[in-house]
Structures are given as structure tokens and as C-alpha cells.
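Enquirer: Please model the entire structure based on the sequences and the hints provided.
Protein chains: 2
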Amino acid sequence: MTKSADFSLSRPYPLARVERFDFETEVAIVGFGTAGSCAAIEAATAGAKVMLFEVTSGSGGAAALSGGELYVGGGGGSLQQRTAGFEDRTEDFYQYLLMAGGPNADEAKVRLYADNALEHLDWVIAQGVPFKNSYVAERVMEPLTDDCLVWTGSEEAWPFAQAARPAPRGHTVQQEGWGAGKLLMDTLAKRVKTLDVDVRFDARALALIADDNGHVQGLVVRIDGQPRFVRARNGVVLCAGGFIMNREMVKRHAPLLLRADNPIGTVDDGTGVRLGMSVGGAAINMSEGFATVPWYPPGSLVKGIFVNERGQRFINEDCYHGRVTQFILDQPGNHIWLLQDHETYAPGLLHENARIEIGAAADSWEEIERELKLPEGMLTATVAVYNRHAARGEDPLFHKAKKWLKPLDKPPFVALDCRIDHAQYTTFTLGGLDTLPTGEVLTESRDPIPGLYAAGRTACGLPRWGKGYSSGMSIADSTFFGRQAGRRAARARR
Amino acid sequence: MTKSADFSLSRPYPLARVERFDFETEVAIVGFGTAGSCAAIEAATAGAKVMLFEVTSGSGGAAALSGGELYVGGGGGSLQQRTAGFEDRTEDFYQYLLMAGGPNADEAKVRLYADNALEHLDWVIAQGVPFKNSYVAERVMEPLTDDCLVWTGSEEAWPFAQAARPAPRGHTVQQEGWGAGKLLMDTLAKRVKTLDVDVRFDARALALIADDNGHVQGLVVRIDGQPRFVRARNGVVLCAGGFIMNREMVKRHAPLLLRADNPIGTVDDGTGVRLGMSVGGAAINMSEGFATVPWYPPGSLVKGIFVNERGQRFINEDCYHGRVTQFILDQPGNHIWLLQDHETYAPGLLHENARIEIGAAADSWEEIERELKLPEGMLTATVAVYNRHAARGEDPLFHKAKKWLKPLDKPPFVALDCRIDHAQYTTFTLGGLDTLPTGEVLTESRDPIPGLYAAGRTACGLPRWGKGYSSGMSIADSTFFGRQAGRRAARARR
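These protein sequence lines map, in sequence, to chains A and B. Just so you know, we're using the working numbering here: the first sequence kicks off at 5 and counts up by one. Just so you know, we're using the working numbering here: the second sequence kicks off at 5 and counts up by one.
Rather than coming from a laboratory, the hints here were simulated on the basis of the structure. Hints should not be assumed to be uniformly reliable.
What the hints assert, rightly or not - Computed list of lysine-lysine pairs in DSS-like fashion (alpha-carbon distance at most 27 Å, straight line):
{"#": "1", "chain 1": "A", "residue 1": "255", "chain 2": "B", "residue 2": "471"}
{"#": "2", "chain 1": "B", "residue 1": "407", "chain 2": "B", "residue 2": "471"}
{"#": "3", "chain 1": "B", "residue 1": "410", "chain 2": "B", "residue 2": "377"}
{"#": "4", "chain 1": "B", "residue 1": "197", "chain 2": "B", "residue 2": "53"}
{"#": "5", "chain 1": "A", "residue 1": "407", "chain 2": "B", "residue 2": "377"}
{"#": "6", "chain 1": "B", "residue 1": "255", "chain 2": "A", "residue 2": "255"}
{"#": "7", "chain 1": "B", "residue 1": "406", "chain 2": "B", "residue 2": "471"}
{"#": "8", "chain 1": "A", "residue 1": "471", "chain 2": "B", "residue 2": "471"}
{"#": "9", "chain 1": "A", "residue 1": "471", "chain 2": "A", "residue 2": "410"}
{"#": "10", "chain 1": "B", "residue 1": "471", "chain 2": "B", "residue 2": "410"}
{"#": "11", "chain 1": "A", "residue 1": "136", "chain 2": "A", "residue 2": "194"}
{"#": "12", "chain 1": "B", "residue 1": "414", "chain 2": "B", "residue 2": "377"}
{"#": "13", "chain 1": "B", "residue 1": "377", "chain 2": "A", "residue 2": "410"}
{"#": "14", "chain 1": "A", "residue 1": "377", "chain 2": "B", "residue 2": "197"}
{"#": "15", "chain 1": "A", "residue 1": "471", "chain 2": "A", "residue 2": "406"}
{"#": "16", "chain 1": "A", "residue 1": "407", "chain 2": "A", "residue 2": "377"}
{"#": "17", "chain 1": "A", "residue 1": "406", "chain 2": "B", "residue 2": "377"}
{"#": "18", "chain 1": "A", "residue 1": "53", "chain 2": "A", "residue 2": "197"}
{"#": "19", "chain 1": "B", "residue 1": "53", "chain 2": "B", "residue 2": "194"}
{"#": "20", "chain 1": "A", "residue 1": "471", "chain 2": "A", "residue 2": "255"}
{"#": "21", "chain 1": "A", "residue 1": "377", "chain 2": "A", "residue 2": "410"}
{"#": "22", "chain 1": "A", "residue 1": "414", "chain 2": "A", "residue 2": "471"}
{"#": "23", "chain 1": "A", "residue 1": "377", "chain 2": "B", "residue 2": "410"}
{"#": "24", "chain 1": "A", "residue 1": "471", "chain 2": "B", "residue 2": "255"}
{"#": "25", "chain 1": "B", "residue 1": "255", "chain 2": "B", "residue 2": "471"}
{"#": "26", "chain 1": "B", "residue 1": "197", "chain 2": "B", "residue 2": "186"}
{"#": "27", "chain 1": "B", "residue 1": "186", "chain 2": "A", "residue 2": "377"}
{"#": "28", "chain 1": "A", "residue 1": "136", "chain 2": "A", "residue 2": "53"}
{"#": "29", "chain 1": "B", "residue 1": "186", "chain 2": "B", "residue 2": "136"}
Expert: What follows is the structure, encoded as C-alpha cells:
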């Protein structure tokens, strides 16, 4: 009799050794988050027989913990963008996504998504997900109201604004208060239930099943404590999240993220990535992650400047909070301060949650420098240089946009303490399996592995560079490329 | 008839499909560099039947292009260290290696090597490799004379010196002039020839052969245009170098290295790493690489300071040149200058080769700032703060050691132009297959893959973090862990 111990996430189970299949399906999906839901909807709609296996007792995943934003643009703008007065050309959207993907951006995925994002939003709406036609101009993390369109990236900041015409692109699911991601997820799950999808909860993936050509033919799942053999005639779609909760994997691949203490995820133990690697799938961008400390709103704080424990500035502060945070994590030492003057300072909306506190307050920058025990002369020089240029509406060092520039010269001054080991830095991983836009998992030589697909954070998608991440990119990616994988797998009869 | 096209580096060839083996051996080694040589010597000495396959027509690999240094210490010091007056305790050596390995250092490998490095040096000497008993105190890249012991890391620099008592540990093979790595390699190759090792040149690895348990049983090589099936009863040892020459892989995994234009390697096309991944081997630290621009000697240049295109300093300049260079590559923009005054400046020994030129010369830092078109006030503030503290023998910002501190206040001043897209930045990769200290290749769950070993840059060894690299670490790693893999494979009769 076979036991769970006979199976390994890191070794495929040989097809020849399967005595009897417990289930026969066409498309087997691992993980009931946004990616898995969208894969299931598309595969079932295309007429395929679909089974969906979820390790927990309900649908969910990291997207359900999120603000529920989809990063959407191009095509001249969505209804919300156009109503708010933004024309968003596809080429600007494409260019922004490409820059956001960093030095290893996936051009093919960016192209496909840039050309189809508006249609995709319509599809999401057609599944029953509500979006209001409204716009919030202020700088926020996510709307607290039921409003839709927000700025959720570095679109207006250097160097993005210079390369792509800015537009707000965060389309938030309509719901009062934080966390509209839950409504998005519940709506997609409800839609799955209306379709002929055989969903099994409390079902843990133990291993892929492969033939001796290395083609994936199914998987082994544990249900009720027993290994069950699933034949997936068309293929297996891995939508099992990232690996932020697997601290060994994070240490091995993205150790910088361990500087931050607040991983965001549900299971996210690397099951999907490991299953893919077991049959030769290439994991890429594994060192990249998202990290953020919610240092704004209010937007007036953006007029302050960040300094490291050397008293040096290191970023244009008008970037997206996550980009700023990546630069924070690049700084040596644990201390980071956000400097404000009397005119720019206002208590941060989330500072108490984030454990951002006042580190020093004084009537001169010299006193602040001394209070913070910084090397004599550097912080004061940093502020003096900043003020000199800001007075002319310029920031030749970091190119912060003019609207956020003003000399920090009105006492009292404060230094907000954003210590990495004290404040709350939220993280998740961005590395995963290399895939084609169709979701086909690739080897290191970029050959597709027959019968294997991946989407969501198990794959490496549009968001793959912490310094380019913008809110809404993960959900855009998981829903859009989950759909592609489901469609491709449905067509892939072998 | 089978053709080369039937085989893939990213898919194991099924054992069941092999009709006839062309060769039968116990240990099959891929790659005739330092790692492969040492694996072959140990495996053959232990009584195993050994075949060694090399894709080129001769022995070589990246180590043969190097200065021929072995990073050795601990145990109270080598003969050379003790003669030069350095006691080198194992714990200091261990601590330095651990820090040098960065946030994902391999403690087990560091421990084994720290405890056995002196014995290992004796073993290398016993193979016929000469080392003189002499010491060069000056700061050099490698000795131009036939001398041995040199400083090749950041041992005396913050933060390393604060955690581990410094000692010079670069043991250079005895040879006049540059490039003693060739003599090291030739000597090891000569030693292989005295043993019963069946060496096949012009033999390209096409695929691993695995049974349906995922155990590696041999490999397919192309010889004379034909695929040949090699049965390796004990296992296959991958010593095929890194992947710096595979620009697609570099872009995918270590795109930062593409900022630098001078890859150092021979084949290094990722063959070894890809073969390991094909059977579920985990590749780790793939984003890490070594990079350097030879900005010293002479050592007096270390008294200058580096600034980025914002006019900010970013590193204690007394670190190893490779560590400084990693910080250079972290800076935004292309421009980097090394500032010197009349007392510190001397033409760099390698500056012409490296295309480091004088970017500006003037009698005041204000003029230098203007000539370099830097933001008004920052560079001058940087120099003023540095000078103020240097006059007291302090560097509170970056902790450069006192011996390198002096105010840069004697005109004329110069700014050496180290532009990333113009000067010569040499690179190689540090990521590779995760292995045990025995060379056994691990899956992402850290289970050994039976029958598969790796060493040298195909594996991820002691050097795995560009900011911690020290000259001699790669050869120490490839020779020492090549030996471990050869010994383990020799014993692994199945």
C-alpha cells in the first residue's frame, strides 16, 4: 500500500507505477485562489472536465487579503479612467508595465496584457464583480470608501513618468472599507460553483505524476489521509501561491525579505513552485519580493525626505510606497527616518498599525541630527542641499516631481522613525516558475513541459521586481494569466 | 537511430529507453577544470573507475584564467601565514567565510572548509602545485612576482574586521607574472593523467540518464557527432562551470551583471546547472555574481572616495575591489567617480586596461563638481563631511579604517571616471545547484538526488554573494568541494 511518505513535492511519481486512478479529469487545478478560480472558470466554460484541489477548507489565497485592486489601463482608458479625464494609451500602459517588470521583464506577457486589459476588466465584471465609476485623486493606499480608480504605482514619479504618460490604473472592487479583495475572491468562487467544476477541499497536492518522457499526466493528492491518484488528461494547472510562508525557501532565495517581519499570505509554502521544479521547471526572479511599510497617507508626508543612518537621502519620495520600501531595505543598517517640517507633517493614517513613531522633534536640523546620534554634518548637509534646490522647484539628485517639493525649513522639525526591525514591513514573494503567456511551464532552456501550467504567484508573471511593483498588479496577473492557463489547458487534449 | 536532437539538457533521458551503453564506469565527471580534476583525482585514488568528459579539446575552465590564489586559513595559520607573523584562528577564518557568504551562507560548507583548509592546501601541494613561503604586504590584486601570501578580501575592512581577526589568506601559486591559475590547472591535469582516468575531450554532455525513481544512472554525451550512452554506476559529477557565457540565463537570473561588459569564463554556458535542474535540482543564489573593476593598486588610491552621479559616497573604500564594485553596480545611473587629491593620486597600475580615465581635474572641489555637471552642493558637502571627520581619523558614515583616512584637501584634485558602460567590469556568476558539503545535489526540499553530484561554479559553494567575495574563494571551493564530490561518488556503489 502506498503512503504519503512515498510521495515528494520534489520528485514526480512515475506514471508506470500508478496502479489505478481514483479520479479522471481533463484539467486538474491546484489552489482555489484568484488564479485557480479564473483558470477553472475558463476551462469549464470551454467545455473541459475540471477538478480543483484546495489544501484548506475554503477558497481564498493572498488576493482575498488584499485591497482588491486590479491594475488596468490602455486602449484609451477604462470607463473609470475616461470619466475621470484620463486617456490611457496602450503604449503608455505597455511601457509602464515593462519598466515595472524590471531588468528581466517578460515582454510577451506585458504585450498580451497591455493589449487585453480592458477586455479583461469587462470579463471580471461579467463574473459579477462590482466596480463603481468613480475616482479618488488623493494619494492613498486603497480607498476607504466604495470608490474605484486610484493611483497605485509610481506612474507620476521619475523615471516612470518620463517614459510613459501617467494615468491612475488601480481599479478597486466596490466595497466600503479596507480589504475588497475578499469580495473579489468570494464572487469568483461563487461563479466557480455555478459551473461544472469538481472542487475538493482539504486536498493536499503530494506529487505530480509524469510519464517517462517527462510529460505531466496527473497528480497525487492527499484526501482524508489517503493518497489519491488523479489522471489529468489535458494537464495540471499550478495556482498554489508563492512561498513567503516557507521561511527556509525565503532564506535560500530572497533573504533580504527576512529583514521585514510581516509576511502576507495564506498557505504560500512553495508547494506550487516545488512541484514545477520537480519536473524540470525553471524558477526565476526568486530573489525578488514585494515589501512595504505604509508611510502615507496623508499625501503631505510625501513632501518630506527619507534618510538612512548615514544621514543620506536615497530615493525620490513621490514613488509608490513599495518602491520606496525596497530602497529602504537596500540601505545598510536598521535605522530609517522620514524628515518633516511643521508645514508637511500630519499624523500618518496607518502609522500606529505600522509602528511608525516620532523619533526626534526639534527646532533645528542640527538638533535633530544630534538627537538621532547621526554623524555630524551629513544630515544637515542633506537637508541644506535638498532645501536649496526645492526652493527653485528642483530635485536634481532624485527628481522628485515639482508638486511635492518645498524646503523643509519651517520648525519644529520631526524625524519619523521607520526602523526596519520595529515598524511593520509587509512582504510577499515575486519569484516563481517561468511560463509562457499561455501558462505553459518552461524549463531553463525555455522548452514547455507538456501537461504543466502555472499562474498566480506560483508563476513569475507581470509583477517580478520589487522596485517596480504597483498595487493591483498581482490580481491583474493572477486573474488574467489564470484565465490563459485554464483556456490553454482546456484546449490541450492529448 | 537516436540523434542529438532527441536529447535535452532540460529533460532526463529514461533509463528504460537506453538500448545499449557505449561506456560503463563508476564515476562520470562532466568538465575538466579545477573541480573536475580534483573530483577525478580523489575518485580514482579511492579505487573507482572514472571517466571524465570535457566539451573542449583540453583541460581548462575559468580557474585557469585566474590569478591562481587559494583562500586558505585557520588552524593557527599556514606556513606562509605564520612566517609572515599572522596567527589565523579557525574561528576567525570561519566567521569571515560565513560573513562573506552573505545572508544565505552555507554554514555546513563553511564549517567543513574552515576546519580542513590547511590540510587541503597540503593536498594541493602534494599534487605538485608550488607555493613559495613569502608574503606581500602591499595592497595588490595578485602578485606580479612569484610570491605567495596576499590580502585578497575585505578582512581588514568594516564590518568584517570587527567580527573576525584579520589575516591575509590569498595563497598564490608560485609563478612570475599574472595568471598563475594556468599553472595550477596544468599541474592538476598532469596529475589526472598519471591516474587511471579515462578522459574524453570534445565530448559534449547532452542529457542525464535517470530511472523512474528519478535516480541518475548515467549520461548521454556527443562524441564524434554521435550520441554515446554512459552508464555511471556510482553517479555523475557535474563540474561544468557557471553560466556567465549564457547571456539569456544571465538576463533571466542575474540581470544586474549585464551592466558590466566583460564576462570571464571558458564554456560556462550553464550546461551543468541546466542538467541538474532537469532532474529537480534546485538552483540557488542565481542572482548573485562577482564583478570587479581593478581600481587599485596602488594602495594610495584607497585613500580617495567614490561618489555616484548624485555626488554621494556609498562604501568604505578600503573593502576588497569586488565588494566596492558590487556597490558601484547598485548605484543608479552610469557615472561613478573616484576622487583623489594631490597626495593620494598616483596612476593606477591597471587603469589603462580597465579604461579608467581622468574625468576632471581642478584646484577646488567646487570646480570638480561643476566640471562633472553634478547637482550643486552635494559633492562638495560629501567631501567636506568626509574631510572634517578624516582630519580626526574617523569615518562615522562608512567606517573606513584609520590607516586609509586623510582629508582630501591638497589641490590639484582629480576625479577618476569609472563609468560602468566604459570602464572594464569583469564578471562571473556565483549561483548554481544547491549541494551538501559532500557534493550531493539537492532538490528544493533539500533531498539529495541519488547519483548526482556537483562542484565548482555548477554548484553554489562558499562564494555565493558578490559583496562578500574574496579572491581565492572560487579555487578554494572548486578544488576542495571537487575533492569531496569525487570521494563521495567513489564510495557510492549502488
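Enquirer: Give a verdict on every hint.
Expert: Against the structure, the hints come out as follows:
1. A/255 <-> B/471: holds (17 Å)
2. B/407 <-> B/471: Within the cut-off at roughly 22 Å; holds.
3. B/410 <-> B/377: Between residue 410 of chain B and residue 377 of chain B the Cα gap is close to 26 Å, so the pair holds against 27 Å.
4. B/197 <-> B/53: At roughly 14 Å apart (the allowed maximum being 27 Å), residue 53 of chain B and residue 197 of chain B satisfy the hint.
5. A/407 <-> B/377: This hinted pair holds, its Cα atoms lying about 25 Å apart.
6. B/255 <-> A/255: holds (23 Å)
7. B/406 <-> B/471: holds (22 Å)
8. A/471 <-> B/471: With Cα atoms ~20 Å apart, residue 471 of chain A and residue 471 of chain B stay inside 27 Å; holds.
9. A/471 <-> A/410: Given pair residue 471 of chain A, residue 410 of chain A holds - Cα atoms ~25 Å apart, limit 27 Å.
10. B/471 <-> B/410: Status holds; Cα separation ~25 Å.
11. A/136 <-> A/194: Given that 27 Å is the threshold and the Cα spacing comes to 20 Å, the pair holds.
12. B/414 <-> B/377: Holds, at roughly 22 Å.
13. B/377 <-> A/410: holds (23 Å)
14. A/377 <-> B/197: violated (64 Å)
15. A/471 <-> A/406: Judged against 27 Å, a Cα distance of about 22 Å means the pair holds.
16. A/407 <-> A/377: Not satisfied, since the Cα-Cα distance of roughly 32 Å exceeds 27 Å.
17. A/406 <-> B/377: The hint holds at about 21 Å.
18. A/53 <-> A/197: Cα-Cα ~14 Å, so holds.
19. B/53 <-> B/194: Within the cut-off at roughly 18 Å; holds.
20. A/471 <-> A/255: holds (20 Å)
21. A/377 <-> A/410: Holds - the C-alpha atoms of residue 410 of chain A and residue 377 of chain A are around 26 Å apart, at most 27 Å.
22. A/414 <-> A/471: violated (32 Å)
23. A/377 <-> B/410: At roughly 23 Å apart (the allowed maximum being 27 Å), residue 410 of chain B and residue 377 of chain A satisfy the hint.
24. A/471 <-> B/255: holds (17 Å)
25. B/255 <-> B/471: Given pair residue 255 of chain B, residue 471 of chain B holds - Cα atoms ~20 Å apart, limit 27 Å.
26. B/197 <-> B/186: The hint holds at about 16 Å.
27. B/186 <-> A/377: With a Cα-Cα distance of about 52 Å, the restraint between residue 186 of chain B and residue 377 of chain A is violated, given a limit of 27 Å.
28. A/136 <-> A/53: violated (35 Å)
29. B/186 <-> B/136: Roughly 17 Å separates the two Cα atoms, so the pair holds.
In terms of the numbered hints stated before, the structure departs from hints 14, 16, 22, 27 and 28, listed from lowest to highest.
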